[in-house]
Structure formats: C-alpha cells, structure tokens
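What follows is the residue order along each chain.
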Amino acid sequence: MSRRISPVIPGFGLTLGYTVVYLSLIVLIPLAVMFVHAAQLTFEQFWAIISSPRTLAALRLSFGTALCAAIINGIIGTLLAWVLVRYTFPGRKIIDAMIDLPFALPTAVAGIALTALYTPNGLVGQFAESLGFKIAYTPLGITLALTFVTLPFVVRTVQPVLADIPREVEEAAACLGAKPLQVFRHILAPALLPAWLTGFALAFARGVGEYGSVIFIAGNMPMKTEILPLLIMVKLDQYDYTGATAIGVMMLVVSFILLLLINLLQRRIETP
Amino acid sequence: MSIRHYALAALASALFAGSAVAKDYELLNVSYDPTRELYQDYNAEFVNFWKKSHPDDKVDIKQSHGGSGKQGRAVIDGLRADVVTLALAGDIDEIAKLGKTLPENWQTKLPDASTPYTSTIVFLVRKGNPKGIHDWNDLIKDGVSVITPNPKTSGGARWNFLAAWAYGLKANGGDEAKAKQYIQTLFKHVPVLDTGARGSTITFVNNGQGDVLLAWENEAYLALKEDGGKDKFDIVVPSVSILAEPPVAVVEKNAEKKGNAEIAEAYLKHLYSKEGQEIAAKNFYRPRDKDVAAQYAKQFQEVKSLATIDKDFGGWKTAQPKFFNDGGVFDQIYQAQ
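Those protein sequences? They're chains A and B, same order as listed. If you count by my numbering, then the first sequence holds residues 7 to 278, one letter each, in order. If you count by my numbering, then the second sequence holds residues 2 to 338, one letter each, in order.
Just so you know, not all the hints are guaranteed correct.
Between beta-carbon pairs, the in silico distance windows are [stated by the list, open to error]:
{"id": "1", "chain 1": "B", "residue 1": "Lys233", "chain 2": "A", "residue 2": "Ala169", "range": "50 to 56 Å"}
{"id": "2", "chain 1": "A", "residue 1": "Ile263", "chain 2": "B", "residue 2": "Ser240", "range": "43 to 49 Å"}
{"id": "3", "chain 1": "B", "residue 1": "Ala294", "chain 2": "A", "residue 2": "Phe139", "range": "37 to 43 Å"}
{"id": "4", "chain 1": "B", "residue 1": "Glu38", "chain 2": "A", "residue 2": "Gly70", "range": "38 to 44 Å"}
No lab work stands behind these hints: they were computed from the structure. Backbone N, C-alpha and C fix where the C-beta goes; we use that ideal spot for every residue, glycine too.
Please construct the entire structure, taking both the sequences and the accompanying hints into account.
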C-alpha cells in the first residue's frame, strides 16, 4: 500500500499473514480456549484452586525440579557440545546421534526404565540405598528423569554456535597469553550465551510440563512428590474440567513470564 | 440427478431393509485396563453367536483400554463408543450427566444393576508370605509396606480404598472417626501412589517394591499366571472386602447414530449367557450366573464379609464426593499429615 517503506525482501504482507493464521490455528486458539474455559470460574474460585497448599507444593516441586534439571543440562550439555565439536575421536558420530535418543524414546518407556534402574532394589538404586538415600520416589528422581528428557536441548542449541567459532580464535587468545579460563570467559561465553539461554529455556519449559517420564519415578505422594501436570490429571479424573484448566492457565502464565524474562536477558546480551 | 437420487434411495433402503439383508457392523467397546484379555475372548465368542442367527453379517469389534476415568472422559469428549464397560458406575454416570449420550437411569437397563460379572479386592504378597499378612490389620504393622494406586486417578484404587474403609468400620463397630484413623495409618505405609492399577502392578512385581499389593482379584490371578508368578507370589484373601462391580452400558445415542443399537444391546446381553459367564470366570471375574459360579467355585476363595457400594456406601453418587473429590476423606488424611 504505502510506497514509503520498500523492504528489500518482498512478500512481507503474504508471509506475515501466513504466520498469523498458522500461529492462531496451532497455538493461539487452543490456548485461548483454555482461558475461556477457566473464565467460567469466579476469581475467588480460581484463586482458591491455585493458592491451595497442595497446588503450591506441586508448583514448587515442578518449577524447582525443572530448574535444577535445566541447570544441570546447562553445564553438562555445554561440556558435551564442546567435546563433540572440538575433538575427533572414535565413536564421536555415535555419541552425537545418541544425544537425540531421549527425544525419540516414548517418555513413558523412559520413565519405566529409569524407575526400574533407580528404585531401592534397582541396579543403581541399591547403591544409593546402601549410602542411605533414595533416588526413585523423591524429588531427586524427578530431577533425574527431567535431566534425561531435556538433555538434547542445550547440546543441540550450543553445538552449531560453537562450531561456528573458529578454533583459531581460541588459539589466538591463548597465544596472546590468555589462560584457559580467560579464554572461556572472554571469548567463548559471550558468543555462546544467547544460544545457551535458548537451550536452557527450552529445557526448563519442557521440564515443567513433562508428565510421561516423571509419573513413574515420582511416587506421586500428595504434598511431597506430586507434580503440577499430575494435579491436572487428578482434576480431570474428577471430571473437573474447569479446575484442571485453572491450574493449566497458572502454569502457562508462570512459564510465559519466566520465558519472557529469559528472552529479555538474551536481548540485553546480544545488544550491549 | 434424479436417477442418482433413486439409486441412493435404493441403496439406502437395501442397507436398512431389516435383517434379511447382510450388514456390516463395526462396534467399539470402550473399557478399562485389566479387561483386555476378557474382551479378547468374549468378542470372538460373540461374533460366533451373532453369526448363528445372522450368517451373512460382518461383525468387527474394536476394543479400547485405559484408566476408567480417562476412558469416560474420552467418550464425553466425543469418542464414538457403542458400549462402555468401565471400572465403576460413577464414570458411566458422568457420561450420562456431561455427555448426555445415554439416559441417567442406564443402570436399570440390564440385570444385576448392569454388572454381568464382579470382582473383589485381595492382597498379593511375596511367596511364602514372609511378613505374615493375613488381614487388613496386618497391613499397618511396623515395617510393612503397601502398594496401591492413587484413588484420585485410578478406579481400582477407589475399590481398594473402600474395601479398607469397610474393614475399618467393621473392626471398630461402625465408628467412622476410627475407620478414618485406620485409613490414615494404612496410607502412611504406602510409599508410592501410581496413577493406575497396571502401574502399581509394575511397581510391585517388576520393581520389587512393597510387601503387599492391593489388587483386583483378576489382576492378582493374572500376575500368578504370568511365567514364574506362582513361584514369586501368593494371594491372601482378607476377612472383609468389597464387591467390586464393574458395570456395562450401551451408549445409546452413539449406537443409534451408527446403526448399531440392536447389536450393541445383544453384545451386552450375551455377557449374561452361560457362554459369556464362563468366559468371565475363565478370566478370573466372578460370574453372576449361579450355575457357572458353582462350577468355578473352587477358583475363588470365599470372603467372609463383602461390602457393596450401594448398600454400604450409598452408591457412587455419594461415595465419590465424600471420599475422593477435592477435600474428601482421601485429601483430608494427607492434609493432616
């Protein structure tokens, strides 16, 4: 319409239109339906559901374990990406392919396998038991399952960025007298951080909503090891659709705020 | 144009012109978890039975299994089930109330409150019963760990819970406060609450957790039947239990729409026949038919006192909100801890 703005790349109207329609159909409308459903509650009812001690305990557990898992993967995942990009060794391709396995595996299968391994009688769990602590049926077990499921996110976001940083840059820094830690702090970290934050946010968001793999290892004890998605299932099993959407809406809002914060942080890092 | 109309009309009348013409039926039975084997056997029997009187018909029966509540929700949300065979009447009540695909008085349509077979809740213990568990009061002894699914998400677990409650009442002369105390102590011995009956069976059988599994009688027998099960587990029948009544119903609106009304009704009615009852008994469900029950009497141990949902708990319409909905007895015992 207006001739003043003439973007170099044509087709802005068409592509934006397509984006909006697509996003609406796939994301916005389903989410809106959820909000409409939850709107059947008065604010007092809504508040009573999301501020009950049981919901709050589940909220702390779900967001806490997801955060721990994301942090663990943030550290280990970066290390994995580093090893896979910077070194060649026999079996590298195989390890590289294995990173994606947690994605391919049905989460329930992962849950059952992890539980069998980490129960007090399990292959690994018995050692924990003899050391005096339990893995399965505790928040530790939940964190473990989430770490497993969200492993690919950080690795796969950091890996290509790391591959784009020529090895010579690091070597040049080293030649100029930078210590390894300084190289990491001044050369690698600033370039990696935006991608790393994306991976971290994805892992975290996925962890908060994860159900299938957690449900077997969690133990599901009210107030102790009950995750938010389970609470939603519990409500649904009472045919309490609105109560379930109320918790869903709360999860969505909290997740959205956290993701927005991470996005803003990213923006700040990218444009100093 | 008009010729095509005639052709369509002729085709339609041919399809719907009574039983003389062969029909294609596709029937969907939406059921709960442990009935998989039962209905596999029964479907084969029913197809044979139907073919005797309708030799040219094609009958294809599909089964769907999952947690009872989840299955009920699927039907409410539009799964086109012709019949539902669920773990509790409460779930079919919800279909009637929220889905409006069958009348509220559905339970009066078939004999025995629409439950052609029953089951009960028993204990599965480790071989030789090392912890000496014989009745409900043994479950709250020190060092005994009990596996049961979460009553909030599992139909079977609700029967477990009510069986324990029935014992608590009976042992304390009907004192509800003391029954609640018993239940509260009992659940302190429960280390894991899986979301479904099969999940609990995995926890107990495969992961080796707990000393006792509270289970449907048919699930317990199934665990024994699996290879090596007889060498690993024993079944203990407690003095008090509950008559678990898993009901069946035609989802009338769906069946009518699909032209399956007649066959769907016949499908459920045939469950009450001698053949149907025998298949139930072979799959470790207690048959309603007296003769078949007598024939399989050896298979089932007698429970001295069997509570029923209608007589002792005022039906699911009363029991569900009192015990299992938000703020009910189950929530209270965890809130108090």
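Evaluation of the provided hints:
Between Lys233(B) and Ala169(A), the C-beta spacing of about 53 Å keeps the proposed range 50 to 56 Å intact. Between Ile263(A) and Ser240(B) the C-beta distance comes to about 55 Å, which lies outside the given range of 43 to 49 Å. Remark: the range hint 37 to 43 Å for Ala294(B) to Phe139(A) is contradicted by a beta-carbon distance near 51 Å. Restraint check, Glu38(B) to Gly70(A): a C-beta distance of roughly 42 Å satisfies the suggested window 38 to 44 Å.
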